[in-house]
Amino acid sequence: MNLLNLKNTLQTSLVIRLTFLFLLTTIIIWLLSVLTAAYISMVQKRQHIIEDLSVLSEMNIVLSNQRFEEAERDAKNLMYQCSLASEIHHNDIFPEVSRHLSVGPSNCTPTLNGEKHRLFLQSSDIDEKSFRRDSFILNHKNEISLLSTDNPSDYSTLQPLTRKSFPLYPTHAGFYWSEPEYINGKGWHASVAVADQQGVFFGVTVKLPDLITKSHLPLDDSIRVWLDQNNHLLPFSYIPQKIRTQLENVTLHDGWQQIPGFLILRTTLHGPGWSLVTLYPYGNLHNRILKIILQQIPFTLTALVLMTSAFCWLLHRSLAKPLWRFVDVINKTATAPLSTRLPEQRLDELDSIAGAFNQLLDTLQVQYDNLENKVAERTQALNEAKKRAEQANKRKSIHLTVISHELRTPMNGVLGAIELLQTTPLNIEQQGLADTARNCTLSLLAIINNLLDFSRIESGHFTLHMEETALLPLLDQAMQTIQGPAQSKKLSLRTFVGQHVPLYFHTDSIRLRQILVNLLGNAVKFT
Numbered sequence: 001m002n003l004l005n006l007k008n009t010l011q012t013s014l015v016i017r018l019t020f021l022f023l024l025t026t027i028i029i030w031l032l033s034v035l036t037a038a039y040i041s042m043v044q045k046r047q048h049i050i051e052d053l054s055v056l057s058e059m060n061i062v063l064s065n066q067r068f069e070e071a072e073r074d075a076k077n078l079m080y081q082c083s084l085a086s087e088i089h090h091n092d093i094f095p096e097v098s099r100h101l102s103v104g105p106s107n108c109t110p111t112l113n114g115e116k117h118r119l120f121l122q123s124s125d126i127d128e129k130s131f132r133r134d135s136f137i138l139n140h141k142n143e144i145s146l147l148s149t150d151n152p153s154d155y156s157t158l159q160p161l162t163r164k165s166f167p168l169y170p171t172h173a174g175f176y177w178s179e180p181e182y183i184n185g186k187g188w189h190a191s192v193a194v195a196d197q198q199g200v201f202f203g204v205t206v207k208l209p210d211l212i213t214k215s216h217l218p219l220d221d222s223i224r225v226w227l228d229q230n231n232h233l234l235p236f237s238y239i240p241q242k243i244r245t246q247l248e249n250v251t252l253h254d255g256w257q258q259i260p261g262f263l264i265l266r267t268t269l270h271g272p273g274w275s276l277v278t279l280y281p282y283g284n285l286h287n288r289i290l291k292i293i294l295q296q297i298p299f300t301l302t303a304l305v306l307m308t309s310a311f312c313w314l315l316h317r318s319l320a321k322p323l324w325r326f327v328d329v330i331n332k333t334a335t336a337p338l339s340t341r342l343p344e345q346r347l348d349e350l351d352s353i354a355g356a357f358n359q360l361l362d363t364l365q366v367q368y369d370n371l372e373n374k375v376a377e378r379t380q381a382l383n384e385a386k387k388r389a390e391q392a393n394k395r396k397s398i399h400l401t402v403i404s405h406e407l408r409t410p411m412n413g414v415l416g417a418i419e420l421l422q423t424t425p426l427n428i429e430q431q432g433l434a435d436t437a438r439n440c441t442l443s444l445l446a447i448i449n450n451l452l453d454f455s456r457i458e459s460g461h462f463t464l465h466m467e468e469t470a471l472l473p474l475l476d477q478a479m480q481t482i483q484g485p486a487q488s489k490k491l492s493l494r495t496f497v498g499q500h501v502p503l504y505f506h507t508d509s510i511r512l513r514q515i516l517v518n519l520l521g522n523a524v525k526f527t
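Sequence positions in the sequence shown follow full-length UniProt numbering and run 1 to 527.
Quick caveat, the hints were computed from the structure, so don't treat them as lab data.
Fair warning: this is a prediction, and the values are worked out from it, not measured in the lab.
One or more hints might be untrue.
Claimed, not checked - Derived pair list, reagent style BS3-like, types lysine-lysine, alpha-carbon separation capped at 25 Å: (1) Lys291 <-> Lys45; (2) Lys186 <-> Lys164; (3) Lys164 <-> Lys141; (4) Lys374 <-> Lys387; (5) Lys164 <-> Lys76; (6) Lys490 <-> Lys525; (7) Lys374 <-> Lys386; (8) Lys525 <-> Lys489; (9) Lys386 <-> Lys490; (10) Lys386 <-> Lys396.
Turn these sequences into a full structure, and let the hints steer you where they fit.
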């Protein structure tokens, strides 16, 4: 019912229809603007996140590359210094901080070269780095000489390196990088070495920095993982199994790319050839955008309400009230005089409408005045014509009356002569002719009386003389009157009186005989 009332209101009110359409259009535009702003904000936020993550990743990569390159330089310098070193005696170094270890069947007594390498490490002047843990020299017999920077007096927790810890071929530029390993109490580390012509490995063990071992950074809600050269996750990359499965099923390349639910940035490091992969969840991006939208909606909604309220007020003041006034004036014009006019105080389309309507009223007023003048003229002409017709009719009636009186006098004389003739002795044939002449004279006298009666009818003085009348004699007189014309046209006349017709009734015999004679005369005339 409410929908039906709303539909009727929209169909009958232009202002309400315009207001409704404006509100609907404004709400649609507002929703589109909110969605557009949300989309633009999402694109901008996505770009900002990409830029921020790119900067953070670049900083991390630069720091990691710097440390890996320094480790490679240290390994290379260690080999170079060892090749230049002269004979080193045991008593030259005090105290003893290096160790010689052997893996396999020869782990009893160190060889001469092994002892030489141990003494060289103890006497080497390679700068101590905060990220470097050990220096080592590994020969082809898996004899290794170690110098630890963490705790030179305790080598019990060290896991000695072997040739199997390194790949068969250099990782890059002649350097061999081992897989990362975890030592209890020491953390994750990796080793880099360079080989001389005899196949002896000179290298250092690198502590993996904290920013590598952390997969989650709370500042940007991103997830960082490390991949080896074969795009396999390194052991210190801790991520949920679902994300791990997604990464294993995707072919990654350097730069930004997208997988379901995540933005991915992959960057390859120097040195071991590992890759740093940064994942940013789309859900976090959507949550940030939603938070921004929820913060903006109260202000935009308030602006929408204020704007629509102001427009509705202006529409009511500038359009609705003038239109309602116009309608009121137009409705009053139907019953009121045409002197009422619409106000013309505006400079817009409503003023043009008011001017056109007022001009129409002026034209109607002029035509109405002209019509009244013409009606008055026509009325006066009709009155004059009526008077002339009445005068002519009066003169006609007078003329008929005069003629009727003038004709009645000689007809009475003829009737009197015939009646006198009937008093004389006549044979049967003569008597019949005299009767016929007398009846015809009476009929002619009746016609003259009819003319006189017509003038009386027109003058309003006609009267009836009611009396008891016999029907059959009246019919005989009427038939006898038209017998002569009927015989001249060789017509036979017969009289039939119905069984239920009374033979005597109360009427004006003269007027009834006139009616019968007229009807029968017309019948004979047109037969």
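Hint consistency between lysine 164 and lysine 141 [alpha-carbon to alpha-carbon, up to 25 Å]: 12 Å, holds
Is the straight-line distance between the alpha-carbon of lysine 164 and that of lysine 76 25 Å or less? OK: lysine 164 and lysine 76 at ~20 Å, within 25 Å.
Within 25 Å, alpha carbon to alpha carbon, are lysine 374 and lysine 386? 18 Å, holds
Is it true that the CA of lysine 186 sits at most 25 Å from the CA of lysine 164? Cα-Cα ~22 Å, so holds.
Are lysine 374 and lysine 387 close enough, with their CA atoms no more than 25 Å apart? Holds, because 20 Å separates the two Cα atoms, which is no more than 25 Å.
Need the status of pair lysine 525, lysine 489: alpha-carbon distance at most 25 Å? 9 Å, holds
When you check the alpha-carbon spacing of lysine 291 and lysine 45, does it fall within 25 Å? 12 Å, holds
Does the structure keep lysine 490 and lysine 525 at a Cα separation of 25 Å or less? 12 Å, holds
Are lysine 386 and lysine 490 close enough, with their CA atoms no more than 25 Å apart? Status violated; Cα separation ~48 Å.
Agreement of lysine 386 and lysine 396 with the hint, judged by alpha carbon distance not exceeding 25 Å: 15 Å, holds
The earlier numbered hint that this structure contradicts is number 9, and it is the only one.
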